[in-house]
Structure formats: structure tokens, C-alpha cells
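Protein sequences, first through last, are from chains H and U.
Numbering-wise, the UniProt record's numbering puts 357 at position 357 of the first sequence, and it's gapless, one number per residue.
Numbering-wise, the UniProt record's numbering puts 153 at position 153 of the second sequence, and it's gapless, one number per residue.
These are calculated hints, taken from the structure and not from any lab test.
Heads up, some of the hints might be wrong.
All copies of an identical chain are treated as equivalent in the list; a pair is satisfied when it fits inside any one copy or across any two copies.
In silico SDA-like links for lysine to any residue, alpha-carbon gap of 25 Å or less [claimed, not checked]:
#, residue 1, residue 2
1, Lys466, Gly102
2, Lys93, His332
3, Lys12, Lys242
4, Lys122, Ala136
5, Lys122, Arg138
6, Lys108, His272
Next come the chains, spelled out residue by residue.
Number of protein chains: 2
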Amino acid sequence: MKLYEQVATTLKDRIDLGYYHEGDKLPSVRGLSQEHGVSISTVQEAYGLLMDDGIIESRPKSGYYVLKHQAPPELPATSNPAPQPLVVAQWQKLQHMINEYGSTATTKLSLALPDTQASTLKPLTRLMSELSRNAATRVLEYEHAAGSDALRHQIARVMVDSGCRINPEEIIITSGCQEALSCSLRAVTEPGDIVVVDSPSFFGSVQAIKINGVKALEIPTSPETGISLEALEMAFEQWPIKACLLTPTNNNPLGYSMPDKNKLRLLELLNHYDIPLIEDDVYGDLSYTLPRPRTIKSFDTQGRVILCSSFSKSIAPGIRVGWIAPGHHREHIMMVKYLSSLSTPKLTQMAVAEFIAQGYYEKHLRRVRRDYQRDRDAVIGWLKRELPEGTRISYPQGGYLLWVELPDQIDSNELNQQAKQEGISIAPGTLFSASGKYKNFMRICCVNSADPALEKAIKTLGRLCKEMLTRNLLSQD
Amino acid sequence: MKLYEQVATTLKDRIDLGYYHEGDKLPSVRGLSQEHGVSISTVQEAYGLLMDDGIIESRPKSGYYVLKHQAPPELPATSNPAPQPLVVAQWQKLQHMINEYGSTATTKLSLALPDTQASTLKPLTRLMSELSRNAATRVLEYEHAAGSDALRHQIARVMVDSGCRINPEEIIITSGCQEALSCSLRAVTEPGDIVVVDSPSFFGSVQAIKINGVKALEIPTSPETGISLEALEMAFEQWPIKACLLTPTNNNPLGYSMPDKNKLRLLELLNHYDIPLIEDDVYGDLSYTLPRPRTIKSFDTQGRVILCSSFSKSIAPGIRVGWIAPGHHREHIMMVKYLSSLSTPKLTQMAVAEFIAQGYYEKHLRRVRRDYQRDRDAVIGWLKRELPEGTRISYPQGGYLLWVELPDQIDSNELNQQAKQEGISIAPGTLFSASGKYKNFMRICCVNSADPALEKAIKTLGRLCKEMLTRNLLSQD
Ligand SMILES: Cc1ncc(COP(=O)(O)O)c(C=O)c1O
Ligand SMILES: Cc1ncc(COP(=O)(O)O)c(C=O)c1O
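For reference, chain H alone in the conformation it holds in the complex (with noise of 0.2 Å):
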């Protein structure tokens, strides 16, 4: 262990024990870095561990603070969908959805839309203003089918921190890890096979399984461990099962990780039952506290786990720069994604590719990770101060969507249109099912907690349920 590694440690154990509580002042650098006999800069390196760790925060001109985190909220139950597997409805309210990409509304929380003015994204824009002009007939060439060479050298090297050993030369680029998703779908299953999902689950994963003419088979899932092993064992027992696909880390639009053993119970389940697994990993990077956890992708030796990802979350999503680590079913993916659009842009993942080289990925990574959990903290609060009574929030570790169930009589999308007409939208629970359950949930993307339209979308939302659940209750007298 490193020195400031160790002053770290005693620090956060200090605050484990409640010698500090939250929101109290930390020693000052000089005072910390005589009483342990260690240079500032030591101090400093702790300090900064810790702030990435989501522990504590520093603010300017006064010094280290315990970070204030919300209590967790009262957390939704685990879901109980359908038990048989569905063609997937909900068509008509996707087609609402793919409008939003458009629309207008003055405050979107509807779309999971990252924090694309962060000021360490500026690196990124930078290369690509840079290689447009000094690489620019390489960037107007095709790009080999399979990505970039030194993209997929680095994703490798990112994979490393979920536990992965990846070579380089498996990997497959694609354009978002919504193309990663269909081609691997594609690849595994048939129209008329059945695949297992989460649930609630992606809007895009559960409608890409519908237009390929598969079924959903979805499956009780705990708004804190993820897709209940006991009914997925069942699940496997009762039907021809062709593959799962599952979001085991950081979970949209549930927030939860599965905890590595019930990752590693699971890939257990997968051998046994030979089926091979989809694992959506597009908000991996994105936990509050390091390492990251792992992915099952990184338990596999039998090349089983197609690993989708993409930076469409961690980087932004404009550049559509996504990826596969397809296992043993490389060769039938590879050939997919080259009939589904031949190769992904040049110009976009030679940036990625520096960009991450270069160190940006890594510092940007640990500021949005700080900012996206106090974006949770302050967006939790308002929901518990606004909305009606019986609200339930999940309390994600990771990422920045919340899942809030409303009281029962609440049906979101009626919530979502009036919430339209003052510029606010949302996205519907019945989005994230196949046979439109969760009429009264909604999902939303709480990031940037310090635009007040955020904290005034939330108040407005809670205005309107409240009206909402007195109409009912008038219209029943």
C-alpha cells in the first residue's frame, strides 16, 4: 500500500467509525500532514482518493467536508411480471419515445442523457478538430470492419478495470451499444425463440428482441441484487431458452449491481444450462466507488458472455462509439454487424482511442462519477419532499437514472403528457416492460442537479401527481 494509499485508510476508517460524521470539516492539509509525519502532497493524494471514492468533497476556500449522502429512499419491491414469455407490445409508446431524440421539452428527463458540457470532455473535441485536419484523408477512408486498431487496443486496456482480460483482436466496434445489442441478438436467436430478460428492462433491448421476431420471457427482479436466480433456474427448467440478456451492473433503469455472487451464481446457471449471455455493460464505468464492480463477462472461461458496451454513457453519446467482446461467437457477430452497416466512422474512434490513451477517460470518469452521485443525493431529496405519499425510489451506486414508483393510481403517461405541456417529459414505466406493466413508475435522468430547472421539473412533477390522485379521489365520490 501506497503512503497516501494508507492515510487514506485511516481517514475513511475514522469516518466509518463516526469520529466524523457527515457534512463535518476534515483536518486541514498541513495539520493532517504534520500529525502523520508526511509530505502535503501525500495529503493532497489521500484527500483526492477519497473524493473519488464519493466520500468526502472539497469546497473552495474552506477545505475537505464529509460528504452528505441521502438516506436510501424506501426502494420499489421486486418486480413480478408476466410468467410466460410475450411478443412485446408498447410499439405505439416507442414511437413517442423516438421523438423525444427532437422534441423540445425545455427539461428532458425522459432520455438517459449524460453530461456532455463537462469541462473534461473539452480533450475530446479537441482531437477530433485535430485529426480532421491533420489525419484527414485517413479519417475519410473506410475503417476496418471490425474498428480501429488502437480503439479496440484501449478498450481492452479499459476492460482491464472489470476484471477483464480481453486480446484486443476479439473485439468488434460498433456505432453505440444499441447496434451491440442487435447484432449479438441477432446473432444468438431466431424469430420464434424466447429470450430471457430483466425486468423492468431498456426500452431498446426489449424492443430489438420484438423486431427480430423473438419473444420476451421477463423475469422478478430485486431493485437491489438484480434478476432472481430462483426464478431464472425455473425459467431455465420450463422453457427452450435461446439466450439472456441482462444489464448486471449499474442496471437501467433499476440502478442495482448484482453482487458477484449472484453474478457467479448466474454464469453457473448459464454453463449448465449451455446458454449464452448478453451482458449490457454501457453504464459499468460509471459506479460511485473503485474499483468498479466486475462484470460476468470477466468470470467466463468458456467464452459464453457476449459483452455489449459502449461510451455512449461515460464519453457522450453523439459519437456513437460502441463495442462487443462477442466470446466464442465472434465470427457470426463479426459478419452481422458488416451486413447491418459495414464499419463504424473513422474519425470518432481514433479520437476515443487518444482520448482515452491520453488519460482523459480515466480523469473524466472520476469527475462525472463524483457528480452524478451528489445528482442522485439532491434529486432523491426533492422526490421525497415532493411527490405524494407511497413514492418509492431506487438507490442506484452507479449511473444516473432514478426508477420511482408512484402511488397506484397514478398511470404515467397521462403524467408524461400533462407534464409535456410545461415542457418537462419523462419516460413511462410501461416502456420498460413487454406486456406493459408499471403504469406507475416512471424513469428519469437526474443529472445536472445544479440547473434549478432540475429541482423545478421535480416540484412540477409532484404538483401533477398530487392533482392527479385528488381527481381520482373525487371522481370515486
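Mind docking chain U with the ligands on chain H? Use the hints.
Structure of chain U with the ligands alone, referenced to chain H:
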């Protein structure tokens, strides 16, 4: 008719009447201005027009000359594919093709790569560079699922040149033409369906058919007028055809453009049998003469034609900007595109929109049309000289691809293997058929004939072919 157009017409008539022959020097600008009593600049404009039409060329410090065109070569015969729907084979061969993108072959005649070194592309990379710097936050956001408004507007303008009047709001931007084709196919077919294609046919579409679980019915196709309408009508009578997928203008690999009357008759048949057409127009803007041929889409009044295209051939493939004008299939295709890759990267869309708006696209087209026609003539000349007797060659009126029929005894897969030893790659004919036909054909890309490597490569191919023939003769003894 404007004055300079009159002058140009007079000159063209004289050339057509044999008053000036190929290679002849034309009157000086001054002389012509006196003869016609018009200004110097009018004559210059007239000469400019004739250059754009590929009729004359200007030689620095010398004057204007009637352009020498190769006499048309002897064309391959109309194709004669298998008369029933087939599951597409040749998968393994495509694997080789995929690797070509990253191959180190020094002279890659195998891929359909445009000239990305043209100076007329400089403004594009400059725009990309400026936008990365000046619109940094915007380029990082998700683009609308259907694509950038500005770009769709510009594409609608460009499409007017092919006779199309499209509402920009209909257009869906894709990651290249391959994604356009793939999404369109997925929207109008289901596994087990039959789709009609021309034959030979671009391997990307043939294999996209396979991967959708659809069967391909190949129709005899003439290298001058395209798909046989008689054979097509018979196929419509005989089989439950779900869609047609054709490249009617500057076809890959055959180079023909279907005459307008064939396009109209084809549309009548489609209307009569109520079959949608996926029209691949990716080489349409690269016609050597203006106005460029009309698309079948431009004659369609029923929303039956799904036009797919991209700027991969007319600007550069690395930017991956394509589009669909989806007719009445819009809703379904939009959904498939969204679930395939959500949206297309933003920066390249913004840059291409500006490139067109500022007139650079037109300038670039003017230049490459002329270049590619010269390349065609040069390479056909070399092929005639170097390849064994009995070789037949297509005579494209646009684009930069040649389809070469070698003597029967030559297997172009073997030729490709041998050529690779010498750093040259070709696209073997069997890739262009569902059933492995065209064994003694190859497609070659003839861009940049000014590079001595190209002539050298043709010489090498000639030598290898002749050696193969000799070996075959010997082994028959
Ligand atoms: C869980 C999950 N997977 C995949 C995606 C798609 O990501 P991309 O924008 O990289 O295609 C999203 C985007 O919202 C997501 O939330
Ligand atoms: C006829 C044809 N259609 C489509 C494509 C794919 O074009 P893009 O690179 O825009 O995906 C090609 C590329 O070679 C082609 O030749």
C-alpha cells in the same frame, strides 16, 4: 438557352458530326470569341460545360482538346443465373472480403473505394475540424433518431437532380447505405420470404438477404440495360416475391444504368404485382454525363419505392453517412433503424450538410465524374492490352467499377490468391452471386489511373491469367 449553352451546343454538334475528332485541338478561346461575337468568359463557360460533360479536356498551357474515349469493349453476355430462389451461399468468401478492409495489399482493386485524396474534399475535413471546435457540446449529444434536419434538407435538394421531390421530413439518415439496405430489408421481409435481385449483385445486399433468413431469386441481367423485365415478370407470376432489391443506376458491379423506359416498365410491374422496391442509388450521383439518370423513385407516385443511398462513393466512405427515402414504409423502417443503432453520429452529419449547402458537393462531383471517366478509359485500355484473348469488360457510364469476364478456364478465386502474393487484391466473381456463379469473373476498382501502380497491377493480373491458362493446357495433355 443561355448564350454559353448555345456556344457549347454548336461545338458539341461539330464534334458529333466529325468536324473535330478525338484528340483534336479545339479553337482558342480568343478565336472562338471573335467567331461567335461573344465575350471571352462566355466561351470559357461553354468550354467548362463541355468539360463537365466529359466531352473535352483542357491541357495546361496548351488549350482544349476533344477527349479520347476508349472504344467500348466487348461486353459480357446477359447473365443466366439459377431459376429458383436460393439460400445465399459464399459466406466463407465474404469472411475474406471483410478482412480486405484491413489488409495490407498494396493495390486493393477488390474494394469499391472512391478517391479520398481529391483536393475538392478538403473543405469537408476543414468543416469537421471547425465544427468539433465550435459546436463541441452539440456534436456530443444524441442526434434525432431520423437524423439532422439540416442534412435531410440538403439531401432533399440533391435528390432533385435525380428527378425526386421528397419532403425532407420523410428522409431517415443511416450509417451508410449498407445500414439503409439492411433496415429496409428487415422492414419489408420476414424469414422464409423471397426477394428478387439483379445478377451479378453487390455482395453486401446479397448477404444481407441471407442474414435475414430470406431467399434470393436472381434474375438474368444485361450489362447494358439491367435486369431482364421479361424474366422478372415471369418470376412475379411464378413465386410469392416479397420485395425487389436493385441497383438500377451505375450498377455495382455491371456499370449499366437502366434506360428510363425500362425503369418505368419495371415500376408498372411492381405496381401491378404490388411489390415494394428497394432501390440502391449509391453510385447514382457519379454518372459521367449530366443530368444524371433519374431514379425509379422519381417516377413513383405510390410510395412503393424505398430509396437507399449514401455519400460513401460520392464523398467518402469513412464518414458513414447514408439515407433512406422510405415512401409509405417510413414508420416501420424508422423503428428498425432506431433499434439497430439509435441514431447516426452527429458531427459528420453536420459537416456533410454544410459541405453540400456551401456548394462543395457539386464542385467535388464535377471533378470526380471526369476523373472516374478517364480512369475507366485508361483501365479498359490496359485490360484490353494485358488480359488474355476472350476477356470481356463492362462499359460503365458512371462510377469506378469494372466487371471483367475472363476466359472460362480461369478461376478468379485462385487468381486472387496468386495476386495477393504480389500485393494485389481483386473481388472474385462468385461473391456477386447467391449460388457461386461467375467463377471466371472479377470486379476491379479503377480509381486513380494516374498512379503507375494501377497499370502495373493490371499487367500482373494479365501475366497471372496467362500463366494459369498455360498450366491448364499442360495439365490437359
Ligand atoms: C441499458 C442501455 N443499453 C444500451 C443503450 C444504448 O446505448 P448507445 O447510445 O450506445 O447505443 C442504452 C441507452 O440508453 C441503455 O440505457
Ligand atoms: C451497390 C452498393 N450498395 C451499398 C454499398 C454500401 O455503401 P456504404 O459504405 O454507404 O454502406 C456499397 C458499397 O460498396 C455498394 O457498392
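Here's how the hints hold up against the structure:
In this homomeric assembly, lysine 466 and glycine 102 never come within 25 Å of each other (Cα to Cα): the closest approach is 29 Å inside a single copy and 60 Å across copies. Taking the shortest Cα distances, lysine 93 and histidine 332 sit within 25 Å of each other only across copies (14 Å), while inside one copy they are farther apart (32 Å). In this assembly of identical chains, lysine 12 and lysine 242 lie within 25 Å of each other by CA distance neither inside one copy nor across copies; the values are 46 Å within and 67 Å between. In this assembly of identical chains, lysine 122 and alanine 136 lie within 25 Å of each other by CA distance both inside one copy and across copies; the values are 21 Å within and 8 Å between.
Proximity of lysine 122 and arginine 138 under a CA criterion of 25 Å is satisfied in both settings, with 23 Å inside one chain copy and 12 Å between copies. When the C-alpha separation of lysine 108 and histidine 272 is checked against a cutoff of 25 Å, the pair qualifies neither within a copy, at 43 Å, nor between copies, at 47 Å.
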